[in-house]
Amino acid sequence: MTTLEAIEILVRLAWLAGAVTFVLGLIRMNSPATARNGNLLSAAGMTVAIVATAILILAEQLLDPASEGVSVIAWAIIIGGTAIGGGLGLYTARVVKMTAMPQLVSIFNAVGGGAAALIGIVEYLRLVSEGAVRIDEHIFIVLDIIIGSVTFTGSIIASGKLQGVIPGKPIKVPGGQLVTIALSAITALAALALFVTGEPNLALMVVILAAALVFGVTMTLPIGGADMPVVISLLNSFTGTAVAMAGFVIGNEVLIIAGALVGASGAILTKLMADAMNRSVMNIMIGGFGGGEGTMAEAGGAGGTVRSIGPDDVAIQLAYAQHVIIVPGYGLAVAQAQHAVRELAELLEEKGVDVKYAIHPVAGRMPGHMNVLLAEANVPYPQLKEMDDINPEFDRCDVALVIGANDVTNPAARRPGSPVSGMPILDVDHAKSIVVVKRSMGRGYAGIDNELYTNEKTGMLFADAKDGLAQLIEAVKAL
Amino acid sequence: MTPEEIDGLLQSLTIFTLAILAGFAVISKVPATLHTPLMSGANSIHGIVLVGAMIIAAEATDPVSQIVALVAVAFSAMNVVGGYVVTDRMLQMFKKKPVAPKPAADQAEA
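Chain order of the listed sequences is H and Y.
Numbering follows my numbering, in which position 154 of the first sequence is assigned residue number 974; successive positions increment by one, without gaps.
Numbering follows my numbering, in which position 17 of the second sequence is assigned residue number 18; successive positions increment by one, without gaps.
Everything labelled a hint here was simulated from the structure, so no lab data went into it.
Just so you know, even glycine gets a beta-carbon here, dropped at the ideal spot from N, CA and C.
Only true hints are included.
Distance ranges between label pairs, derived from CB positions:
(1) Gln12(Y) / Val868(H): 19 to 25 Å
(2) Ala26(Y) / Arg832(H): 20 to 26 Å
(3) Phe25(Y) / Leu833(H): 23 to 29 Å
(4) Pro64(Y) / Ile1106(H): 41 to 47 Å
Pulled out of the complex, with its shape left as it was, chain Y reads as follows (with noise of 0.2 Å):
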């Protein structure tokens, strides 16, 4: 390994720590009762897998790997679209009072 791989794998151990801990920090503190919405909001983030899965489909120049970068563009968007779908339909729920008839009443026999 080159010095400047070596100063860049560094830098990304040291992003990679300090992140684990910001999670720690966060985390920690959310009461007990948004342990279902935070799972679901928390799965959206990981979607992030979005942007590294273009980035390789940009690169990927046999069709094997095309093939294989298409599943995973597809699984990616899956993950992004839904989570953070799913996660604000529960997050709705949470309303301080019960403002008259709601207009999502549609969406309440779900």
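Chain H with its partners taken away, still in its complex shape (with noise of 0.2 Å):
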């Protein structure tokens, strides 16, 4: 054994210890306790393979005869780029703020499908100098440019139009489907003539690349603002797929293993968030919520009156309140106002109320999403229950103080013929009392009034979540 193949062995070993501890880590964001250890795990084993892929790349440059040398172009691509790109990774990382999550997590999406499918081009354009192309070898390709392409796009409409650059309401593309399917019969013509002929061609391969980049758009501008959370998850194991097909292309298993492990993630994730909603992920990627205009305006006409009550009202319904149990939503995340929540829950704490917050499996923007704005905000991990969990307390609840939630909040839910029907939702209907803290009677993203703001125990508090909740901690200091 030569001592480059020495090499070449143990460097196969690094990637495969790497790919060991992507699992574990994984394993070990079961539980918020040992989440944060497995994160650090997985960034260590990640730190090794890539080391490793340098010392391979080193070592092949200087011990294998064929080579020509240490190669100073190779290097500094290498080492400017992972200069450029992990500092502006860190960077934006360090400052995001934790509601714009969502966008970059879309972003890191785009860059590493982009980057999967530039590594596709890359091996087509030195198959094509070479003159022969094997037919796996256009295969795995033709998947990796068609699916990191899409992802790309698709990654940056969605980041787009949580980042408000892009409004964030379905937008018809002009020709709509026929658009998808003259798209999807290029690309398969494109492909299939790779194929059958097996000759490399560039040309048909930017065809296949541009209708790509084309169906990453179209594909995600008809989906509302209220699925991009499904569609970011839904990109993300895309991306890893991507990738694990990028490792087909090189022929590298660490690619291959960590890609199917995001891609199979990746779509669990995408199935749990739209069972949340009730929805199906072929549902949301047709676009458009349900179609069902009729039924829409059906449930629309709920009439009945609204109570407006005010801040010093409530915080006497609070303060004298045994149990209350908060219910954040996606408004309380906009308004920046998980710290203000925070406070208001520790004053009427010190006055001696059991405070508990109810957290849909959706609130926020992702599922998740609103346990990590109240961590944030040092909200203690215990308070935060999950629906299963709170809903039968709803019953022994004083006061159901909702800030900011809509859709899963609303009882007609619980019938059929209404766009939300069959969502699973918080009984917040069964608490003695209601507040909803709200800007105005605008409707959620399924378009349709909530029937808990015209019930009689509700009182609605019109205000933005930041100034309605620093009125009640006034209103409760003042008691």
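Dock chain to chain to rebuild the complex, using the hints, since each chain is given by itself in its own frame.
Structure, rendered in structure tokens:
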């Protein structure tokens, strides 16, 4: 065995070790207690894998007789690229607001998928210059480029929608399904031509690349902002799959393992999120909220009177209650009111009130997003209750304080015939008294009126989540 | 395709399939509250694409491939570094008890 062969073996073992840490890291993310540790383990494995790769490249340049020695350009690309990209990643990850985090994850999906597609492109350029491409190489490069490119543009659009750069509402693509079908047909024909002829053909590959890039845009644009978390999760899964395909393209097992791992995890997570909203992934991808205009209009005319309530009245209710359940929603996240809500809860606890938080699986923008936001504000983790645990407690809860949550509290979901029908909801209407802090009577993502607001037990405190909470804190302090 | 090539392909497919099954098994046990950090954590794992980008960067000889490789390296480095840092920032908040005033309070108003 030559020295180079020995190094190659060690590097492959290092990659294997990295893959093991990815799996173990994900297992440790099962529990809040070990999650951080799991992520650090995974990061350590990643570092080992990357350093091992650098050692392999250096060893090949130094020890392989066929090599032309150390390539300055190659190292300039590797070190320069890592410094630029790594610096950008470090900076954005450090400064991003926790509410804007889903967009950032989407951007990381975009660059990850983009990188996978670019690997396919470079490899294809090399094969074209050599003049021969095997059928399996063709298949994996085509898959790599398609999945990577769709992820790239799709993730950028998804991120733009969440950031508000692109309107969050569904945007109809002119031609709609026709465009989708045409793009798919072009891609399929071009791919088939490559596979059948077996000839390297750069022009056809460019057609596939372009069609996939456009497809990413037309796939994501018609989907509403409310469904973006599911879309981002799906694109996360796509990125993993694209990376696995890139692994096939360059024959690297650690890319295959890690990519497949993420592809599978993203798929499960996507399904869980869609389930929590009582939607199928297909339904979301095809776009629009069910498309049942008739049922929406019908459910929309709930009518009834709305009772407005002032902060002082709410403060008295809260301060003299025994059990208070806070229902935080997207409005709280947008208003960055998580610190204010914690302050109010602490004030109430000083007065002997038992305070809990009811977390709907899709509260915020992604499953678990609300937990992150509240944890950021130092809300004690045990106070956060998941839907199934907290729902029976609403029956003996004195005041349910709903802050910026809408559709997840709508009792209409228990009946058929409404766009939210069948969606699991928090049983807020079972509480003895309900206070809703909300800016206006505006509708939620489902686009329907919330029957909770016209419930006779409900008082509406019309305010932005942050202002409303500030008023409540003042009022409770003044008691 | 030569027998060795077919052998290699089948080995890769085997690894791929088993890794998918591992992904399903590992993820399905995670509680909903950790889904966002989990998505972010999975997101950083596909930053492994940096390994691939480095390998093609080392092999690229013509200027076009080199430029594309540079973008690929930068993209994947952003994915891997940013992914792990943002996941850690999130998980840092899942502390068992609020232990005194935190030293990281300067980051809290992010």
